[in-house]
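Chemist: Please work from the sequences and hints to get the whole structure.
2 protein chains.
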Amino acid sequence: MPVDDEVWAAPPFAAEILDARAIDLPDFYGKCIVARGARNQKGPIMGFVNALRSLRAVRGDIPVNVIFTFDGEEELGSMNFVGPFRQRFLDELKQADVAYYLNPSQNAKGDQVLYLGNRGIAFGELEIRGGEWGGPAKGPLFAPHDLWVDSPAWRLAQALATLKDRDGNILVEGFYDNVRPPSAEDRELLEQLKASFDEEQTKRDLGIHRFKRGRSGSELYETFLMRPNINIDGYSSGYTGAYVKTMFPDRALAKIDIRLVPDQTMDEILGKLRKHFDRHGFPEVEIKIQGCYNPSKTSLHAPITQAAIRAADLHGVKTVCWPIYYAGIPMAVFSDPPLNLPAIGFGLGRMGREHIANEYFTVEGLHLYEKFVVTFLHELARQ
Amino acid sequence: MPVDDEVWAAPPFAAEILDARAIDLPDFYGKCIVARGARNQKGPIMGFVNALRSLRAVRGDIPVNVIFTFDGEEELGSMNFVGPFRQRFLDELKQADVAYYLNPSQNAKGDQVLYLGNRGIAFGELEIRGGEWGGPAKGPLFAPHDLWVDSPAWRLAQALATLKDRDGNILVEGFYDNVRPPSAEDRELLEQLKASFDEEQTKRDLGIHRFKRGRSGSELYETFLMRPNINIDGYSSGYTGAYVKTMFPDRALAKIDIRLVPDQTMDEILGKLRKHFDRHGFPEVEIKIQGCYNPSKTSLHAPITQAAIRAADLHGVKTVCWPIYYAGIPMAVFSDPPLNLPAIGFGLGRMGREHIANEYFTVEGLHLYEKFVVTFLHELARQ
Numbered sequence: 000m001p002v003d004d005e006v007w008a009a010p011p012f013a014a015e016i017l018d019a020r021a022i023d024l025p026d027f028y029g030k031c032i033v034a035r036g037a038r039n040q041k042g043p044i045m046g047f048v049n050a051l052r053s054l055r056a057v058r059g060d061i062p063v064n065v066i067f068t069f070d071g072e073e074e075l076g077s078m079n080f081v082g083p084f085r086q087r088f089l090d091e092l093k094q095a096d097v098a099y100y101l102n103p104s105q106n107a108k109g110d111q112v113l114y115l116g117n118r119g120i121a122f123g124e125l126e127i128r129g130g131e132w133g134g135p136a137k138g139p140l141f142a143p144h145d146l147w148v149d150s151p152a153w154r155l156a157q158a159l160a161t162l163k164d165r166d167g168n169i170l171v172e173g174f175y176d177n178v179r180p181p182s183a184e185d186r187e188l189l190e191q192l193k194a195s196f197d198e199e200q201t202k203r204d205l206g207i208h209r210f211k212r213g214r215s216g217s218e219l220y221e222t223f224l225m226r227p228n229i230n231i232d233g234y235s236s237g238y239t240g241a242y243v244k245t246m247f248p249d250r251a252l253a254k255i256d257i258r259l260v261p262d263q264t265m266d267e268i269l270g271k272l273r274k275h276f277d278r279h280g281f282p283e284v285e286i287k288i289q290g291c292y293n294p295s296k297t298s299l300h301a302p303i304t305q306a307a308i309r310a311a312d313l314h315g316v317k318t319v320c321w322p323i324y325y326a327g328i329p330m331a332v333f334s335d336p337p338l339n340l341p342a343i344g345f346g347l348g349r350m351g352r353e354h355i356a357n358e359y360f361t362v363e364g365l366h367l368y369e370k371f372v373v374t375f376l377h378e379l380a381r382q
Numbered sequence: 000m001p002v003d004d005e006v007w008a009a010p011p012f013a014a015e016i017l018d019a020r021a022i023d024l025p026d027f028y029g030k031c032i033v034a035r036g037a038r039n040q041k042g043p044i045m046g047f048v049n050a051l052r053s054l055r056a057v058r059g060d061i062p063v064n065v066i067f068t069f070d071g072e073e074e075l076g077s078m079n080f081v082g083p084f085r086q087r088f089l090d091e092l093k094q095a096d097v098a099y100y101l102n103p104s105q106n107a108k109g110d111q112v113l114y115l116g117n118r119g120i121a122f123g124e125l126e127i128r129g130g131e132w133g134g135p136a137k138g139p140l141f142a143p144h145d146l147w148v149d150s151p152a153w154r155l156a157q158a159l160a161t162l163k164d165r166d167g168n169i170l171v172e173g174f175y176d177n178v179r180p181p182s183a184e185d186r187e188l189l190e191q192l193k194a195s196f197d198e199e200q201t202k203r204d205l206g207i208h209r210f211k212r213g214r215s216g217s218e219l220y221e222t223f224l225m226r227p228n229i230n231i232d233g234y235s236s237g238y239t240g241a242y243v244k245t246m247f248p249d250r251a252l253a254k255i256d257i258r259l260v261p262d263q264t265m266d267e268i269l270g271k272l273r274k275h276f277d278r279h280g281f282p283e284v285e286i287k288i289q290g291c292y293n294p295s296k297t298s299l300h301a302p303i304t305q306a307a308i309r310a311a312d313l314h315g316v317k318t319v320c321w322p323i324y325y326a327g328i329p330m331a332v333f334s335d336p337p338l339n340l341p342a343i344g345f346g347l348g349r350m351g352r353e354h355i356a357n358e359y360f361t362v363e364g365l366h367l368y369e370k371f372v373v374t375f376l377h378e379l380a381r382q
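As they're listed, the protein sequences go chains A and B. In terms of numbering that gives the first Met the number 0, the first sequence opens at residue 0 and continues consecutively. In terms of numbering that gives the first Met the number 0, the second sequence opens at residue 0 and continues consecutively.
Think of the hints as simulated: they come from the structure by calculation, not from any bench. The structure displayed is predicted, hence computed values, not measured ones. We treat Cβ as the ideally placed atom computed from N, Cα and C, and that holds for glycine. There is no bait here: all hints are sound.
Some chain A residues well away from chain B (every beta-carbon gap over 12 Å; in silico):
1) Ala8
2) Asp96
3) Pro180
4) Asp277
5) Arg309
6) Pro337
From the structure, some residues in chain A lie toward chain B, with a derived Cβ separation under 8 Å:
7) Gly129
8) Pro143
9) Val148
10) Arg165
11) Asp232
12) Lys254
13) Gly280
14) Tyr325
15) Ala326
Modeler: Spelled out as C-alpha cells, the structure:
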C-alpha cells in the first residue's frame with residue numbers, strides 16, 4: 000500500500016515511536032509505533048517472530064511446528080498466492096493442521112475481535128470500447144453522432160443498472176444460489192453483535208444521515224455482515240473537467256469489487272456475471288479481473304478458534320466473534336479443498352489505520368501480542 | 000476554445016499562411032491561414048468587415064443597415080448572450096429584419112451548405128452527492144458499507160439508465176411532445192440529402208464498424224438529422240487509476256448535453272427532466288445547467304435564405320440545404336419571440352477544423368467570402 004498524499008506525523012517508513020496524542024489517540028494508548036505497515040503487516044510479523052525467538056531462548060523449543068507463508072501481493076489481489084504459489088507448495092501445505100493469519104485486533108473496548116471467516120473477493124474492471132459490435136472505434140466523436148452510433152457510456156450505465164436493484168439486491172441470475180444460510184452458531188453470534196450495535200454512533204462513525212433507502216441500521220445489520228455484494232469503486236468515461244466537452248466518448252470503464260460469502264465461489268460468480276451481460280444484450284462488456292479468491296469460513300468450535308478464545312481469556316480479555324468479516328483476506332488458499340484447513344486471524348494488541356496516515360501499533364500492544372502468541376501456541380498444542 | 004495538447008503546423012495564435020499540403024489538405028486548396036479562430040470565428044469576422052470596407056471605399060455606402068452583435072461565450076454556453084445581453088439590447092435588435100451568422104461553409108465538393116436551423120442546446124452536470132437523502136456525507140467509505148449505505152455511483156448509473164432505452168429513445172416523459180414534424184419542405188430536403196448519403200464512406204469517416212444497434216445508416220439518417228437527443232459527454236465517480244481502490248465513492252457526476260429541435264424549448268425540457276428524476280425516485284440528482292438556449296428554424300422560402308442561394312448561384316456555386324444543423328448556435332436570441340427573425344448562417348469559402356489542430360481558412364476562400372458578402376448584401380437589399 001503506497002503512501003499517496005497522506006499527511007503523517009512521522010516519516011511513514013521510519014517507524015518512529017510517538018505519544019498517542021501526537022496521532023490523535025487517547026492517552027492510555029501510550030507510546031505508538033507509527034509507520035506504514037505497523038499494523039498491516041510488518042508489526043504483527045515482527046511480534047510473531049519475537050515470540051518464537053523468546054520461546055527458543057527461554058525453553059529451547061516451540062510447542063508446535065510452524066510453516067511461514069508470505070503473500071507480497073495481498074493489496075493487488077493475491078493472484079500468485081492463490082494460484083502458482085499454492086500449486087507449487089501444496090505438498091508442504093498439506094502438512095499443516097491450521098492456518099493462522101497474524102491479526103492482533105483488540106477493539107476500542109479492549110475485546111479481541113475474531114472473524115470466523117473472510118469474504119471472497121474479485122476486483123477488476125468492466126469496460127466497453129467501440130469496435131465490431133458498434134460504437135466509435137477510432138476515438139471520440141462529436142456529440143450529435145450519439146443519435147446514430149452506439150455509445151459505450153450509455154451502454155455501460157445501462158449494463159450497470161441491470162446488476163442491482165434500488166434496494167441493493169444483486170440481479171445477476173443465480174447470484175445468491177449458493178449462499179450458505181446462517182447456521183445456528185452464526186445466528187447466536189449475530190444476536191450478540193446486534194445487541195451491542197449502536198445505530199446513532201455508527202451513523203456518526205460512517206458520516207451518514209441515513210442507512211440505505213431510509214431503513215434502520217438494525218434492520219440492515221445482518222445484510223451488512225452476511226450478504227455478498229457487488230460494489231462500484233469508480234467509473235469514468237469521456238471528459239469530466241470544467242464545463243462540458245460536447246463529445247461522444249469511445250470508451251467507458253467501471254471498477255468493481257465483488258465480495259462473496261460461503262459457499263459461493265469466484266469461478267461460479269464470474270461465470271454467472273458473464274452470462275448475465277450476454278443474456279441482457281451486453282456481450283460487449285469486457286470483464287477484466289485483477290484479483291480474485293474464494294471466501295473462507297471456520298467454526299466457532301474449531302480447535303484453533305477455541306485456543307484463540309482461551310488464550311485471550313488467560314490474559315483477561317474477552318473475545319467477540321463475527322460469523323464472517325466484511326473484507327477479504329486470501330485464507331481460501333488454506334480453507335479451500337484439498338487442504339480444508341480452519342483458517343482465521345486474531346490476537347491481542349491495539350493497532351489500526353491500515354491504508355491511511357499514521358498507521359500504528361501501540362508499543363504495549365506489540366508486547367501483549369508477543370505474550371499472546373506464546374499463550375496461543377501452547378493452547379493450540381494442548382488440543 | 001483553448002489549445003490543449005494539439006500539435007499544430009504553425010503557432011496557433013500567429014495566423015501563419017501555409018501551403019495546403021503542410022496541413023494535409025489537397026493541393027488545390029492553395030494557401031491557407033492556419034490559426035485558432037481562422038474558421039471559428041475570427042476569419043469570417045474579418046472577411047465580413049473587409050467586404051463592408053470595400054463597399055464603402057468603392058461605392059461610398061452599404062446596401063443594407065448592419066447591426067453587429069458579438070458573443071464571446073459561445074463555447075461556454077452563451078448564457079449572457081441569450082440572457083442579459085438580449086434583454087439589454089432588445090429595442091435595438093427590434094430594428095433588424097434578419098439575423099445572419101457568418102458561416103462560410105463550402106463542402107468538399109464545393110457546394111455552399113446552408114442549415115435552415117440550429118438545434119437548441121443545454122449542457123451541464125448531473126450530480127449525486129451523499130447527504131440528507133442518504134449516501135456517505137463525509138467522504139468515501141470502505142467498499143463493504145455499500146451493503147447498507149446508499150451509493151451515489153449505483154444510483155447515478157440507475158438514474159442515467161432511466162433516461163434512454165437501448166434503441167436511443169429518450170424516456171423522459173413528454174420529451175418528444177413538442178417536436179415539430181418535418182414539413183413538406185423538410186421532407187424534400189431530406190430526400191435530397193439522403194440521395195447523396197454514402198453509408199460506407201460515412202462509416203469510414205466516423206471510424207465505426209456499425210451504426211446503432213446494427214441498423215443501417217440510411218435508416219437512421221433522418222434520426223441523426225432531425226431528432227432531439229441527450230448525450231453523455233462523460234462521467235466519473237471514485238478512483239479509476241491502476242488496479243482498484245475498494246472504496247465506496249461519496250459522489251458521482253455525469254456531464255450531459257441535450258440537443259433540442261423546434262418547437263421544443265429548454266425551459267420545457269429541463270422541467271420535464273427534473274420531474275422525470277423525481278417521479279422515478281431520484282430526487283437527489285442535482286441538475287446543474289451551464290449553457291442553454293432554444294432551437295431555431297428558418298424557412299427555405301425566407302428572403303434571407305433565397306438571397307443566400309441566389310448570391311451563391313451568381314458565383315457559380317450550388318447550395319445544399321439541411322432542414323436543421325445537428326449542432327447548436329444561439330440563433331434563438333433572434334428567432335425566438337418577440338423578435339421572430341429568420342436567423343441562419345452560410346457563405347462561400349473553404350475552411351474547417353474548428354476546435355482542433357490546424358484550423359484553417361483558405362486564402363482563396365477568404366477572398367471568395369468577401370465577394371460573396373457583397374453579392375449577398377445586394378441580393379438581400381433587392382427583396
